[in-house]
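Chain by chain, the residues:
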Amino acid sequence: MAFTYSKLAETTVGSGGTTSIAFNNIPQNYTDLVIKFSGRNSSGTLYVDDLKVAINSNANTASYTQRNLYGSASTTASSSNTNLGTFAVFGLNGTSTTANTFSNTEIYIPNYASSNAKSISVDAAVENNSGTINLSSLALIAGLFNVTAISQIVLSSYNNYGFAQYSTATLYGIRVEL
Amino acid sequence: MSITRLTTNGLTGTKYDIASADNYYMEPIATTLLASTTATITFSNIPQGYKHLQIRWIARSDRTVSPDYLKLNFNGDTGANYSWHYLIGAGSSALASSSVSASFAINRAVAGAAQAASVFGTGIADILDYSNVYKYKTARTLGGYDNNGDGEISLQSGLWMNTAAVTTITITPGAGTLISANSRFSLYGIRG
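The listed protein sequences derive, respectively, from chains A and B. Following the working numbering, the numbering of the first sequence begins with 1371 at its first residue and continues without gaps. Following the working numbering, the numbering of the second sequence begins with 6 at its first residue and continues without gaps.
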């Protein structure tokens, strides 16, 4: 039973969409953070996009590294990124995917208030009533944010398509009971 | 928010955790622990006051030829209104597959009768915005089992192409006919 699973902030995108969702001034008195994200990008063209996860307004390419395991249709792949200056999470539903369908993503950040490097895990799903490669995806990502305590997280569409109405992001804090 | 629950610690006396009561964001809704085999698990009359749902389980079925999977249906809908995808690792390779216009969502990695006795699969499924009437519902599940020689880890998703709020979840064995005794399914609500 997670007595200390507490909501810290929640955003629901309204009519007209938005370019990003920001969690600012994240309190430092929890042990771990969890973000549950249900999103769709606003592209008017036929794109699935990635979810961009930027921390502390830090765009230094040396600050972010990640390993990816990816599946789409009947294909699988593993890759790494070392120079993005952000985390990139495979998959954000877009116009090319089934209507009314939003990605389902969880981002877990243990020891986020530590001054040590932060390990991050992500599992993400882009559903779509299609077996076409790259129009659906499942991804497991392990990331490393190699700088200071996390006080801000900004989510956006990697190619700046924005988030569609009804996209939601909820930030939870988990506190260890000592 | 008013205080809804207090905790006790039987060894050291009563412990009133006001902060926990005020931040009680993940709550158990229902649990089924099977005393005997059963064909169907149903969570009905799911309350609509949460932001997200989470199902946690350990499960085994009577499928004899290989490990099993679970079928997930919402609100009694067994029409061709689902799609699913999975990504699995079985020890030496990764595999992905999908199905469209299916009659159920899928959750892999359930041990079957081909696995050693007492080996169960385990999984956690998140259904975000389950009561949002503008969204189709997507379940994301991380699961797996290990049988000391075979096993798999899986990430999977299931889409229910309906905007209705989820009020009922039905779970049935994929290729087997019965879910084994001592399987347990727990439904949680996560507040927003």
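FYI, nobody ran anything at the bench for these hints, they're computed from the structure. As the structure is a prediction and not an experimental result, all values here were calculated from the model. Take the hints with a grain of salt, since some may be wrong.
Unchecked claim - Some but not every residue of chain B turned toward chain A, in silico, with C-beta under 8 Å: (1) Asp131; (2) Gly156; (3) Ser162.
We treat Cβ as the ideally placed atom computed from N, Cα and C, and that holds for glycine.
To see whether the hints hold, each was checked on the structure:
This hint holds: B:Asp131 has a C-beta 6 Å from the nearest C-beta of chain A, less than the 8 Å allowed. Annotation: B:Gly156 was flagged as interfacial toward chain A, and the flag is violated, the nearest CB pair being 17 Å apart, outside 8 Å. Proximity of B:Ser162 to chain A holds as hinted, the smallest CB-CB distance being about 3 Å (cut-off 8 Å).
Comparing the model with each earlier hint shows a violation of hint 2 alone; every other hint is respected.
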